[in-house]
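Those sequence lines, one after another, are chains A and B.
FYI, the numbering for the first sequence is 0 to 344, going by numbering that gives the first Met the number 0.
FYI, the numbering for the second sequence is 0 to 333, going by numbering that gives the first Met the number 0.
These are calculated hints, taken from the structure and not from any lab test.
Among the hints, a few may not be true.
List time: in silico EDC-like cross-link candidates among lysine to aspartate or glutamate, alpha-carbon distance up to 20 Å [what the hints assert, rightly or not]:
no.: 1; chain 1: A; residue 1: LYS31; chain 2: A; residue 2: ASP259
no.: 2; chain 1: B; residue 1: LYS248; chain 2: A; residue 2: GLU263
no.: 3; chain 1: B; residue 1: LYS252; chain 2: A; residue 2: ASP261
no.: 4; chain 1: B; residue 1: LYS252; chain 2: A; residue 2: GLU258
no.: 5; chain 1: B; residue 1: LYS206; chain 2: A; residue 2: GLU237
no.: 6; chain 1: B; residue 1: LYS206; chain 2: A; residue 2: GLU176
no.: 7; chain 1: A; residue 1: LYS198; chain 2: B; residue 2: ASP272
no.: 8; chain 1: B; residue 1: LYS94; chain 2: B; residue 2: GLU109
no.: 9; chain 1: A; residue 1: LYS31; chain 2: A; residue 2: GLU16
no.: 10; chain 1: B; residue 1: LYS248; chain 2: A; residue 2: ASP261
no.: 11; chain 1: B; residue 1: LYS32; chain 2: B; residue 2: ASP289
no.: 12; chain 1: B; residue 1: LYS248; chain 2: A; residue 2: ASP58
no.: 13; chain 1: B; residue 1: LYS252; chain 2: A; residue 2: GLU176
no.: 14; chain 1: A; residue 1: LYS88; chain 2: A; residue 2: ASP58
no.: 15; chain 1: B; residue 1: LYS206; chain 2: A; residue 2: ASP4
no.: 16; chain 1: B; residue 1: LYS126; chain 2: B; residue 2: ASP138
no.: 17; chain 1: B; residue 1: LYS136; chain 2: B; residue 2: ASP106
no.: 18; chain 1: A; residue 1: LYS50; chain 2: A; residue 2: GLU119
no.: 19; chain 1: B; residue 1: LYS252; chain 2: B; residue 2: ASP187
no.: 20; chain 1: B; residue 1: LYS252; chain 2: A; residue 2: GLU199
no.: 21; chain 1: A; residue 1: LYS50; chain 2: A; residue 2: GLU176
no.: 22; chain 1: B; residue 1: LYS248; chain 2: A; residue 2: GLU258
no.: 23; chain 1: A; residue 1: LYS15; chain 2: B; residue 2: GLU316
no.: 24; chain 1: A; residue 1: LYS326; chain 2: A; residue 2: GLU199
no.: 25; chain 1: B; residue 1: LYS206; chain 2: A; residue 2: ASP259
Each chain is listed here by its residues.
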Amino acid sequence: MALLDVHDVEVTYRTKEGPLKAAEYVSFQLKKGDSLGLIGESGCGKSTMAKAILRLLPDNGQISGGEILFQGQDLAKLSPKEMRKLRWKELSLVTQSAMNSLNPVYTVGAQIVEAIRTHEAISRRRAWERAEDLFRLVNIEPSHLTNHPHELSGGMKQRAIIAMALCLNPSLVIADEPTTALDVIVQDRILQQIVRIQKEISSSLIYISHDISVIAETCDYVVVMYGGHVMETAPVREFFRHPSHPYSLGMQNAFPNLEDVDSELISIPGYPPDLLNLPPGCRFSPRCPFADSVCQQKQPDLHFIGTQHGTRCHFPDRAEAFRAQAKLPETWTERPAQGQRGVGA
Amino acid sequence: MTTANGRFIEVKGLRKYFPVHRGFLDSLRSQSKYVKAIDDIDFFIQRGEILGLAGESGSGKTTTGEIMVRLQDPTAGGIFFDTINVADLQGRQLKEFRLRAQMIFQDPYETFSPRLTVFGSIVESLKVHRIGTSAEKLDRVKEALTRAELRPAENFLYRYPHELSGGQRQRVAIARAMVVDPQFIVADEPVSMLDVSIRAGVLNLLKRLRSDFGLTMLYVSHDLSTVTYLCDRQATMYLGKIVEVGPSKVMVKGAHHPYTKALFSAVPLPNPDAHRERTPIEGEITGNIDLPRGCRFNPRCPYAIDICFQEEPDLVESEPGHATACHVFPARTD
Numbered sequence: 000m001a002l003l004d005v006h007d008v009e010v011t012y013r014t015k016e017g018p019l020k021a022a023e024y025v026s027f028q029l030k031k032g033d034s035l036g037l038i039g040e041s042g043c044g045k046s047t048m049a050k051a052i053l054r055l056l057p058d059n060g061q062i063s064g065g066e067i068l069f070q071g072q073d074l075a076k077l078s079p080k081e082m083r084k085l086r087w088k089e090l091s092l093v094t095q096s097a098m099n100s101l102n103p104v105y106t107v108g109a110q111i112v113e114a115i116r117t118h119e120a121i122s123r124r125r126a127w128e129r130a131e132d133l134f135r136l137v138n139i140e141p142s143h144l145t146n147h148p149h150e151l152s153g154g155m156k157q158r159a160i161i162a163m164a165l166c167l168n169p170s171l172v173i174a175d176e177p178t179t180a181l182d183v184i185v186q187d188r189i190l191q192q193i194v195r196i197q198k199e200i201s202s203s204l205i206y207i208s209h210d211i212s213v214i215a216e217t218c219d220y221v222v223v224m225y226g227g228h229v230m231e232t233a234p235v236r237e238f239f240r241h242p243s244h245p246y247s248l249g250m251q252n253a254f255p256n257l258e259d260v261d262s263e264l265i266s267i268p269g270y271p272p273d274l275l276n277l278p279p280g281c282r283f284s285p286r287c288p289f290a291d292s293v294c295q296q297k298q299p300d301l302h303f304i305g306t307q308h309g310t311r312c313h314f315p316d317r318a319e320a321f322r323a324q325a326k327l328p329e330t331w332t333e334r335p336a337q338g339q340r341g342v343g344a
Numbered sequence: 000m001t002t003a004n005g006r007f008i009e010v011k012g013l014r015k016y017f018p019v020h021r022g023f024l025d026s027l028r029s030q031s032k033y034v035k036a037i038d039d040i041d042f043f044i045q046r047g048e049i050l051g052l053a054g055e056s057g058s059g060k061t062t063t064g065e066i067m068v069r070l071q072d073p074t075a076g077g078i079f080f081d082t083i084n085v086a087d088l089q090g091r092q093l094k095e096f097r098l099r100a101q102m103i104f105q106d107p108y109e110t111f112s113p114r115l116t117v118f119g120s121i122v123e124s125l126k127v128h129r130i131g132t133s134a135e136k137l138d139r140v141k142e143a144l145t146r147a148e149l150r151p152a153e154n155f156l157y158r159y160p161h162e163l164s165g166g167q168r169q170r171v172a173i174a175r176a177m178v179v180d181p182q183f184i185v186a187d188e189p190v191s192m193l194d195v196s197i198r199a200g201v202l203n204l205l206k207r208l209r210s211d212f213g214l215t216m217l218y219v220s221h222d223l224s225t226v227t228y229l230c231d232r233q234a235t236m237y238l239g240k241i242v243e244v245g246p247s248k249v250m251v252k253g254a255h256h257p258y259t260k261a262l263f264s265a266v267p268l269p270n271p272d273a274h275r276e277r278t279p280i281e282g283e284i285t286g287n288i289d290l291p292r293g294c295r296f297n298p299r300c301p302y303a304i305d306i307c308f309q310e311e312p313d314l315v316e317s318e319p320g321h322a323t324a325c326h327v328f329p330a331r332t333d
């Protein structure tokens, strides 16, 4: 059984302009010890999914459909109190600006000890020892536990946060762009550590990012989201060797690659859709160079073209041809004839 | 017109020190300390060239960019633009210089007044410089938007910043820079806040502006994958010094300085089978108040030898156009 089974989840935000569906028909599974990369641009619903799983949606947001089975129980149906017991102990979160969420008036060690003792009945001394182990795990000298947050560099704070997220040996860690605010060298080191630690303590990981190269290096599976829908899902090698959804092809084209510095980047014309004013058919159709009239009218289903490889496209069997055509810049320069272009998030 | 040796812009002996006030007692002991944000750098940019300035935060790359368009004043040194020294400009001359050199900032969400429309933001520079009648102003703003590929321009003129996506805002920022027909643009991390699918478009737009209008550019970024994609040559900065400079295509294949190598090797690759060889540098960038003796990179350098702790290395050319400031490099053959 999968550790996490997200099934047809729908998340709706109430807004002044009306209900906004930030995620719809989102399904994916994650086994124990595996890592899954959730890729997408801002406004695609990836962070919404993280918040939905942790039940941390803002007041105007709610899970309006589907189920989130975690170890067999539906998180969407748990009471806030039951959920509080699971959070941190079983499900923990590392966010982008997490390093700013440390309390400036307490030492880092005191904050970790507090977190541990809130969930486990162990002595202060034992908790401190565990904090020391965790700091070693994330490569920080344990003596820094007695420092206040301002005495640590940005990279160290972010690593301290990762240590805190791991302090109760959670079964699932959700990392939402955990390195975007950091310099490249520090980012790289933290990525290496996340991968190493995740294997060591065999927890599962959901890694959320817009950076496909980070996902390529950290995850076993890939889920691509666009406009609140899962567009493609596949094991990581399969995704990079045989991307099948036109959006995935466009993303891979647009990404600078130091292994191949001579080819031109090709951008996807247009902008991500406005979730309040979605196109009727496929959400990518206004920007898709291969879109047909059916794409503009009917939403495609997620078609499975391999055991674990799904693509939400009306033409799953034309993937091979799309891959060849997508490499040509002229495929993307001619703007699709019709279709609204949203203002974007 | 270019400087005597054919270089369009030449920076010589540039320094920027910020005084650090550490309290009353220190001031009595008259121990003035300085953050040496830029510590004696030289470089040049040719006409129509894009030079990349790479480094981590704290390396001085943004300060360098801002000084080149005189948003900050240098402590010492000169920026020679044609025959004039930008560092000496005052008053009216400085204002005229701003018609030739413009800047694009990192955060497209914070560079616009939320109360001005796109037209209002862009026309501001024309008003300041008293360029054109109102009809001409409108034409120029439209043309600038078109150059920034916001087409049709009419659809964007009267929108407010909050109605635009990040990519569109950055294009408006580019239009605002282009409206005065500059010769030189400093772009400071212009794509780091943008989504990936939008990034490529903005980078390609910058490339096109260079080829269509012969713009000269300084591109400041910590991301060597975009620097290498966009720039003809690139310079690596570390704690206020340029430690390596050379053609991008050469440096990506064989950087010499351990810090440049580390920056390249830290860039993740969109390939699950890639095994990156990382240059193992230690720690994080240190503050630039109390610099180490010798090479300022020595605390993090895995290859440091005795001389690195004694003498500061100079930038030495190893082949035409490719120079490195490292004691170890000339002896190393890898």
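Right, here's what the structure says about each hint:
The hinted pair formed by LYS31(A) and ASP259(A) fails the criterion: a straight-line CA distance of about 35 Å is larger than 20 Å. Our distance criterion of 20 Å between C-alpha atoms is met by LYS248(B) and GLU263(A), whose separation comes to about 14 Å. As the CA atoms of LYS252(B) and ASP261(A) are separated by approximately 12 Å, the hinted pair is consistent with the 20 Å bound. Proposed proximity of LYS252(B) and GLU258(A) is supported: the alpha carbons are some 9 Å apart, at most 20 Å.
Restraint check for LYS206(B) and GLU237(A): the C-alpha separation of about 33 Å exceeds 20 Å, so the hint is violated. For the suggested pair LYS206(B) and GLU176(A), the alpha carbons sit about 29 Å apart, so the restraint of at most 20 Å is broken. At most 20 Å may separate the alpha-carbon atoms for a hinted pair to count; LYS198(A) and ASP272(B) meet this at roughly 18 Å. Under the criterion of a C-alpha separation no larger than 20 Å, the hint pairing LYS94(B) with GLU109(B) is inconsistent with the structure, at around 24 Å.
Simply put, LYS31(A) and GLU16(A) have alpha-carbon atoms about 40 Å apart, too far for the 20 Å limit, and the pair is violated. The hinted pair formed by LYS248(B) and ASP261(A) meets the criterion: a straight-line CA distance of about 9 Å does not exceed 20 Å. For the suggested pair LYS32(B) and ASP289(B), the alpha carbons sit about 9 Å apart, so the restraint of at most 20 Å is met. For the hint pairing LYS248(B) with ASP58(A), the CA-to-CA distance comes to about 51 Å; that exceeds 20 Å, so the pair is violated.
Of the supplied pair hints, the one linking LYS252(B) and GLU176(A) is violated, its CA atoms being roughly 29 Å apart against a limit of 20 Å. For a cut-off of 20 Å, the pair hint linking LYS88(A) to ASP58(A) is broken: about 24 Å separates their Cα positions. A threshold of 20 Å between alpha carbons decides the hint, and for LYS206(B) with ASP4(A) the separation of about 45 Å lies outside it, so the pair is violated. For the hint linking LYS126(B) to ASP138(B), the alpha-carbon distance of about 14 Å falls within 20 Å, and the restraint holds.
As the CA atoms of LYS136(B) and ASP106(B) are separated by approximately 26 Å, the hinted pair breaks the 20 Å bound. With a C-alpha separation of about 24 Å, the suggested pairing of LYS50(A) with GLU119(A) is violated against the 20 Å cut-off. Our distance criterion of 20 Å between C-alpha atoms is broken by LYS252(B) and ASP187(B), whose separation comes to about 25 Å. Proximity of LYS252(B) to GLU199(A) is assessed by CA-CA distance (about 34 Å); at most 20 Å being required, the pair is judged violated.
Restraint check for LYS50(A) and GLU176(A): the C-alpha separation of about 13 Å stays at or below 20 Å, so the hint holds. Of the pairs offered as hints, the one joining LYS248(B) and GLU258(A) holds, with about 12 Å between alpha carbons and a cut-off of 20 Å not exceeded. A hinted pair counts as satisfied when its Cα atoms are at most 20 Å apart, and LYS15(A) with GLU316(B) does not qualify at roughly 62 Å. Between LYS326(A) and GLU199(A) the alpha-carbon distance is near 39 Å, which puts this suggested pair outside the 20 Å criterion.
Distance restraint check for LYS206(B) and ASP259(A): the Cα-Cα separation of roughly 18 Å lies within the 20 Å cut-off, and the hinted pair is therefore satisfied.
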